[in-house]
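Colleague: Given these sequences and hints, build the entire structure.
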Amino acid sequence: MERPIIEVKNLVRKFDELIAVNDVSFDVKKGEIFAFLGPNGAGKSTTIKILTTLLNPTYGSVRVNGFDVVNNEDDVRHSFGIVFQDPSLDDELTAWENMEFHGVLYGVPKAIRNSKIEELMKFVELWDRKDEIVKNFSGGMKRRLEIARGLLHHPKILFLDEPTLGLDPQTRNHIWSYVENLNKTEGLTIFFSTHYIEEAERIAHRVAVIDHGVIVASGTPEELKARSGVDSLEDAFLKLTGKDIRDENADGSGNFRMHNRVWRR
Amino acid sequence: MQMGQVILECITAYGADNFMNAIYILWLRQLKRYFRSKSRMVGSLGQPILFLVALGFGFGPIFEKAGAGNYLQFITPGIIAMGILFTAVFTGIEIIWDRQFGFLKETMVAPVSRLQIMIGRTLGGATVATIQGVIVFCLTLFVGFRPVSIAMIPVAIFFMFLIALAFTALGTAIASVLDDMQGFQLIMNFVVMPTFFLSGALFPLQGLPGPIELIANLDPLTYGIDGLRGALSNASHLGLHTDLLVLLSMVTALVIAGSYLFSKMEI
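The listed protein sequences derive, respectively, from chains F and Y.
If you read the first sequence in this note's numbering, its first letter stands for residue 1, the second for the next number, and so on.
If you read the second sequence in this note's numbering, its first letter stands for residue 266, the second for the next number, and so on.
If you are wondering where the hints come from, they were derived from the structure by calculation, not from laboratory data.
Predicted, not measured: the structure shown is a model, and the values here were computed from it.
Cβ coordinates follow ideal geometry from the N, Cα and C atoms, glycine included.
One or more hints might be untrue.
As the list claims (entries may be wrong) - Sample of chain F residues lacking proximity to chain Y, with all beta carbon distances greater than 12 Å (derived):
#1 ASN22
#2 PHE26
#3 GLY31
#4 GLY60
#5 SER61
#6 PHE80
#7 GLU97
#8 LYS110
#9 SER177
#10 HIS205
#11 HIS212
#12 GLU222
#13 GLY229
Said to hold, decoys possible - Restricting the straight-line Cα-Cα distance to at most 25 Å, the calculated cross-link-like pairs of lysine-lysine (DSS-like) are:
#14 LYS29/F to LYS225/F
#15 LYS529/Y to LYS130/F
#16 LYS156/F to LYS135/F
#17 LYS122/F to LYS29/F
#18 LYS30/F to LYS239/F
#19 LYS135/F to LYS529/Y
#20 LYS156/F to LYS30/F
#21 LYS130/F to LYS303/Y
#22 LYS156/F to LYS29/F
#23 LYS130/F to LYS110/F
#24 LYS30/F to LYS14/F
#25 LYS303/Y to LYS14/F
#26 LYS30/F to LYS135/F
#27 LYS156/F to LYS110/F
#28 LYS243/F to LYS225/F
#29 LYS122/F to LYS135/F
#30 LYS110/F to LYS330/Y
#31 LYS135/F to LYS297/Y
Modeller: Encoded structure:
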């Protein structure tokens, strides 16, 4: 059997006393659309940050595209593209300049870069607005541009951290059809998180549910529904994670310094 | 699409010169942002020019009576340095904005080292601040400042660049430890303003009370301004070589400190 493209084994991440991720293990297969679900503060963002080299694990091993996230940082970084939860474009630059910046940072040679930028911007239907300053773009346009940017260096995996947050249903629909299309035509592995559970039900091949830093269930949407004895993934999700409202910042990411980085080395 | 070929070319082309390309694009970004925000550019010229006109003409007669010569000639290097100082610290601190607006994450997940990010940004910020200094210099010519020698102007610009480097790096270091812009006022009042006022920008360094002299001697800007004064007015107090040596070591220390703190920064 082919080796999984993402392998997480016994991952632990602590912030001082708080354990954000507690002994999490899962695999994502090549070419899969994998949904990572959980309430606020469950450890989702922390896990995604570790997978994308923004945070180091406290314990455990994480391999992305066969590379270790701690020791082979740069190989891991070449392997994935990411669309963050919050916009991450430079508002003062044009759409094209944002793409170029990314291409240069990732070492995509100029000749390929320019044609690839054109191809991708046409793909997300922004080519005719390439010279506009990003500040003037709508939320949906920015998201599309970020997807195009994330694909510029030809990654093997695309991470989408709540990519449809705050977008209208039309745009959300549009974005998911791009993503499904990419998965089908290019065999791109998709790893995404979302609070819109019906999106996961519709497009994910497999789902993992994390709560209080622990994976509480994983499998296909059908398996999860069958196991919980309910009709929709959303009901299964609520059954698995309870109905309490969570503290938004409980995973503590963003507020803690990276002490860890110092003494791990 | 001929993906296989694309990947192959990516790999072969990815090498040593990518190190410089990444720095270049980060530098270029700073410049583009600067030239696009005209209001910031013009706004940050207002303060130095006001200082020059108000103090230069205001204190001029007293300065001359005290037998210390032309005050306008004396403070112009200080005023140029002021323009550079403010712009440089501000471009360094801009990292906080980048973090708040999410752009920093885009650079942090890219396969480039934090050192490259730091170098690119610092060079970009320093270039911007130097341009700002040159603009202030040109404006002072209209107010009545006369450099003693045209040949020394490149030396003056070199000193401007060193000042810019030192304080962009300082700004980066500060931004790496601050969480948001809340602390900005604190930095202005306890770092930037004292750096300026205690640097000998506005008064001669001779005959100062001990503690003030000590602070002035520890202030990198003192050496920057003295160097500028040497190049533009031929009135260096410490000597150009001392200025250069001290400034270079302070720039190195600040860039190292900035890089270190930046590498510890969490997003």
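Colleague: So, for every hint listed, does it hold in this structure?
Modeller: Hint check results:
no.	hint	verdict
1	ASN22	holds (20 Å)
2	PHE26	holds (21 Å)
3	GLY31	holds (15 Å)
4	GLY60	holds (19 Å)
5	SER61	holds (20 Å)
6	PHE80	violated (8 Å)
7	GLU97	violated (7 Å)
8	LYS110	violated (9 Å)
9	SER177	holds (19 Å)
10	HIS205	holds (22 Å)
11	HIS212	holds (23 Å)
12	GLU222	holds (33 Å)
13	GLY229	holds (40 Å)
14	LYS29/F to LYS225/F	holds (21 Å)
15	LYS529/Y to LYS130/F	violated (35 Å)
16	LYS156/F to LYS135/F	violated (30 Å)
17	LYS122/F to LYS29/F	violated (29 Å)
18	LYS30/F to LYS239/F	violated (29 Å)
19	LYS135/F to LYS529/Y	violated (30 Å)
20	LYS156/F to LYS30/F	holds (9 Å)
21	LYS130/F to LYS303/Y	holds (22 Å)
22	LYS156/F to LYS29/F	holds (11 Å)
23	LYS130/F to LYS110/F	holds (17 Å)
24	LYS30/F to LYS14/F	violated (29 Å)
25	LYS303/Y to LYS14/F	violated (45 Å)
26	LYS30/F to LYS135/F	violated (36 Å)
27	LYS156/F to LYS110/F	holds (21 Å)
28	LYS243/F to LYS225/F	holds (17 Å)
29	LYS122/F to LYS135/F	holds (20 Å)
30	LYS110/F to LYS330/Y	violated (64 Å)
31	LYS135/F to LYS297/Y	holds (14 Å)
In this structure, the hints that do not hold are numbers 6, 7, 8, 15, 16, 17, 18, 19, 24, 25, 26, 30, in rising order.
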